[in-house]
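As they're listed, the protein sequences go chains L and C. Using my numbering, the first residue of the first sequence is number 1, and each one after it goes up by one. Using my numbering, the first residue of the second sequence is number 1, and each one after it goes up by one.
It cannot be assumed that every hint is accurate.
As the list claims (entries may be wrong) - Footprint (simulated), chain L over chain C, 3 or more residues, beta carbon under 8 Å:
#1 30-44
#2 108-117
#3 160-170
#4 179-185
#5 259-273
#6 293-305
Stated by the list, open to error - Here are a few chain C residues that sit away from chain L, every Cβ distance over 12 Å (derived from the structure):
#7 S4
#8 E27
#9 P59
#10 L207
#11 A282
#12 R326
#13 G328
#14 T329
Treat the hints as calculated values from the structure; they're not laboratory data. We treat Cβ as the ideally placed atom computed from N, Cα and C, and that holds for glycine.
Number of protein chains: 2
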Amino acid sequence: MSFSAAFYEAFEEEELQLRKFLPSGHEYFFTWKTIQEEHKAGEPPAAPIISMRTQSRIPDSWARKLEGIITRSTGYDHIADYLSRNSAKIASAYLPDYAARAVAEHAMMLWTCLLRKLPVQSKAFGSFHRDGLTGREVKGRSIAVVGVGRIGSQIVDIAAGLKMDFVGVDVAENPGLKRIYGLRYLPLPEAIARSEIIACALPLTRLTRGMLGAHALSAAPKGAIFVNVGRGEVSPARDILELVEKGILSGAGLDVYNCEKELAAVLRDGLDPAGLEGESAAEVRALLEMKKNPSFILTPHNAFNTEESVLRKSQRTAENLGSFLRTGTFITPIIS
Amino acid sequence: MSFSAAFYEAFEEEELQLRKFLPSGHEYFFTWKTIQEEHKAGEPPAAPIISMRTQSRIPDSWARKLEGIITRSTGYDHIADYLSRNSAKIASAYLPDYAARAVAEHAMMLWTCLLRKLPVQSKAFGSFHRDGLTGREVKGRSIAVVGVGRIGSQIVDIAAGLKMDFVGVDVAENPGLKRIYGLRYLPLPEAIARSEIIACALPLTRLTRGMLGAHALSAAPKGAIFVNVGRGEVSPARDILELVEKGILSGAGLDVYNCEKELAAVLRDGLDPAGLEGESAAEVRALLEMKKNPSFILTPHNAFNTEESVLRKSQRTAENLGSFLRTGTFITPIIS
Chain L
1 MSFSAAFYEA
11 FEEEELQLRK
21 FLPSGHEYFF
31 TWKTIQEEHK
41 AGEPPAAPII
51 SMRTQSRIPD
61 SWARKLEGII
71 TRSTGYDHIA
81 DYLSRNSAKI
91 ASAYLPDYAA
101 RAVAEHAMML
111 WTCLLRKLPV
121 QSKAFGSFHR
131 DGLTGREVKG
141 RSIAVVGVGR
151 IGSQIVDIAA
161 GLKMDFVGVD
171 VAENPGLKRI
181 YGLRYLPLPE
191 AIARSEIIAC
201 ALPLTRLTRG
211 MLGAHALSAA
221 PKGAIFVNVG
231 RGEVSPARDI
241 LELVEKGILS
251 GAGLDVYNCE
261 KELAAVLRDG
271 LDPAGLEGES
281 AAEVRALLEM
291 KKNPSFILTP
301 HNAFNTEESV
311 LRKSQRTAEN
321 LGSFLRTGTF
331 ITPIIS
Chain C
1 MSFSAAFYEA
11 FEEEELQLRK
21 FLPSGHEYFF
31 TWKTIQEEHK
41 AGEPPAAPII
51 SMRTQSRIPD
61 SWARKLEGII
71 TRSTGYDHIA
81 DYLSRNSAKI
91 ASAYLPDYAA
101 RAVAEHAMML
111 WTCLLRKLPV
121 QSKAFGSFHR
131 DGLTGREVKG
141 RSIAVVGVGR
151 IGSQIVDIAA
161 GLKMDFVGVD
171 VAENPGLKRI
181 YGLRYLPLPE
191 AIARSEIIAC
201 ALPLTRLTRG
211 MLGAHALSAA
221 PKGAIFVNVG
231 RGEVSPARDI
241 LELVEKGILS
251 GAGLDVYNCE
261 KELAAVLRDG
271 LDPAGLEGES
281 AAEVRALLEM
291 KKNPSFILTP
301 HNAFNTEESV
311 LRKSQRTAEN
321 LGSFLRTGTF
331 ITPIIS
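Use the sequences and the hints to build the structure in full.
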C-alpha cells in the first residue's frame with residue numbers, strides 16, 4: 001500500500017482542512033464515501049491506518065490488517081463494538097469535545113425555528129399571507145435539557161443567555177452548572193411534564209437507548225417541541241411521528257437518526273426502502289413521512305459542522321495521527 | 001352603519017384574540033383584506049372607526065367620514081402621511097412596543113439560520129450529503145445592531161446572552177445599554193466594516209430611507225450576513241441581491257420590504273409584476289429572484305407575530321378602542 005492513512009466520509013471542506021494539518025512526507029487517501037460504499041466485499045483497506053465518522057461499517061476481515069483507527073467523532077461505540085466483536089487490539093482514537101458549542105447552537109436553531117414555524121413562514125412568503133403563522137417566543141419558555149454533558153452544558157449556557165426557564169436531566173448532577181447557571185435537576189418524567197421544549201443531548205448507552213420514546217414524551221405539555229442532537233437511537237422516529245400526528249408534540253427538529261446507516265443508504269445511494277426489514281424499515285418509512293411535513297426540520301447529522309469545529313476536528317485528527325506515526329500511540333485513545 | 005369599528009388586515013388568529021378583549025355591546029366588522037382589497041373605489045368605510053396594519057391605503061374620500069383610526073402597528077408614518085395629505089384632524093392611535101422581543105428573536109433566528117445555512121441543510125437531508133454545509137458559530141461572532149431603539153435593545157440583549165461581539169449604531173447613545181451590556185457605539189461605516197452580521201432595526205424616517213443600500217453595505221467583510229427586521233425602505237432589495245450576487249454578502253434574511261404593498265399585491269392577489277413600473281417593478285423583480293435562492297430567507301412581515309405579542313397587541317388595541325368609545329380619546333394617540 002502506498003498510503004499511510006485513508007480517510008473515509010471526508011467531504012470536500014473537511015478534506016481541505018485536514019490536508020492543512022496532516023504530517024508531511026506521507027500519502028493520504030481521501031473519499032467522501034463510507035467504507036462499504038468505497039470498497040467491494042473482500043477488498044483490503046486503502047491504508048493500514050483508517051479514519052472515518054460514524055456511518056462506515058469496518059469489514060471484520062480487516063481486523064487483522066489494520067494498525068490504527070481514528071474515528072472523527074465524539075461517539076465511539078461503533079469502534080468499541082467492532083474491536084470487541086473481533087477480539088481485536090487495534091490502537092484506536094476518538095475526538096472528545098471538538099463540537100459541543102456547534103451542536104448546542106444547532107439545537108437552539110431547531111427549537112427557535114419550530115417555535116416560530118419557519119418552514120411554514122418561508123412557504124407563506126409565496127402568498128404573503130400570515131394565517132397560521134403565529135409563533136412562540138423563546139424568552140421565558142420552559143426547556144428540559146436531557147443529558148447535561150459537554151453538549152448539554154452548552155445548551156444550558158444558551159438557554160440561560162436567552163432567559164429561558166431551563167431544567168436539566170442527568171444521572172449525576174454537575175455542581176459547577178448549579179453554581180454558574182443555577183441549574184436545577186429534575187427526574188425525567190417531571191422535567192418532560194413541565195417543558196414546552198425537550199432537547200436531547202444524550203450519548204448512546206445501554207441506559208439511554210429508547211429512553212425518549214413515545215411513552216416518556218407523551219407526558220409533555222400539548223404542543224411541546226422535541227429536538228434531538230444527541231443520538232437517534234435514544235428516540236425512535238416512528239415514536240416522534242406518532243406524537244406529532246396525535247397533536248401531543250407540535251413538531252420536532254432532528255439531526256440524528258435511529259438506523260442512520262440505512263437512512264443514508266436510502267437517501268444518498270438510492271437504496272429501495274422496500275428492501276429494508278424490521279426496525280430500519282419502520283424508521284426509514286417514518287422519516288420519509290416527516291420529510292414531507294413542515295412540522296419537522298431534518299438536517300443530515302450536520303450539527304457539528306461549523307468552520308470552528310471543522311478546524312478543531314482537523315487539528316485534533318492530525319495531532320492524533322502525527323503522534324501515532326511518531327510514537328505508536330494516540331493522544332485521545334479509545335480505552336476499551 | 002351598523003358596525004362600531006372595522007378591522008382590516010386581521011388574520012384569523014388575530015381576530016380570535018381581538019374578539020376576546022373588545023368592549024361588548026358593539027358590532028365589529030372583520031376582514032383579512034387590506035382596505036383597497038375589501039372596498040371598491042367610492043365605497044364608504046365599513047364603520048366610523050377603522051383599524052388596520054401597514055398595508056392598507058385609506059381613500060382620501062374617507063377623510064371626512066372617519067371618526068377614529070387605530071393602526072395595529074408600532075410604525076405610524078402611513079397614518080401621519082394620510083392625515084397631513086388630507087389636512088384631516090381624525091383622532092388616531094398606534095401601538096408602541098408590543099412586539100420588540102418577538103421581532104428581536106426573529107432577527108436572531110434569521111442570522112442563525114443563515115450562518116448555519118439551514119435552507120441548504122434541509123434540502124441536503126434529501127440526499128444525506130454534507131458537502132457545502134459547513135456553517136459558522138454564533139458565539140463570538142461580530143454583529144452590528146443598526147438602530148438601537150426598542151427592538152435594537154432587545155437584539156443587544158440577545159447578542160450579549162449568546163456571547164456575541166456586538167456594537168450599536170444610533171443617532172443618540174443610550175447610557176442604560178452602555179451600563180447594562182457594555183454596549184459600544186460606532187459610526188455606521190466602522191460598525192459595518194467590522195461585523196459579519198449586520199442587523200437592521202431602524203424605523204423609517206427621512207434620515208434612514210435608503211441608508212443601508214449597496215454603498216453602505218459594500219464595506220462589510222466578505223461573506224457577511226444582512227438581516228432586516230426594521231423597515232424595507234431602509235435597504236432596497238435590489239441592492240441586497242446585487243451584494244449577494246457579487247459575493248460581498250453571503251446571504252440575507254428579510255422580514256420587511258421596500259414597496260411592500262406592491263409585493264403583497266403580486267404575491268397575494270396575483271397582480272402581474274410586468275404591470276409595475278419604476279422602483280416597485282425593480283424591487284419586486286429582485287425579491288422574486290431572491291425567493292428562488294437558498295442564500296435568502298424571506299418571511300412575510302411576520303416577525304411581530306407570536307402568541308405573546310398578538311395577545312399584547314389585541315389587549316392594547318381593545319383598550320384604545322374602549323377608551324375612545326367612552327371618552328373620545330385614545331390611550332396611545334398619534335401626535336401629528
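Right, here's what the structure says about each hint:
no.	hint	in the structure
1	30-44	violated (count 1)
2	108-117	holds (count 5)
3	160-170	holds (count 4)
4	179-185	violated (count 0)
5	259-273	holds (count 4)
6	293-305	holds (count 7)
7	S4	25 Å, holds
8	E27	23 Å, holds
9	P59	22 Å, holds
10	L207	28 Å, holds
11	A282	18 Å, holds
12	R326	30 Å, holds
13	G328	32 Å, holds
14	T329	31 Å, holds
Comparing the model with each earlier hint shows violations of hints 1, 4; every other hint is respected.
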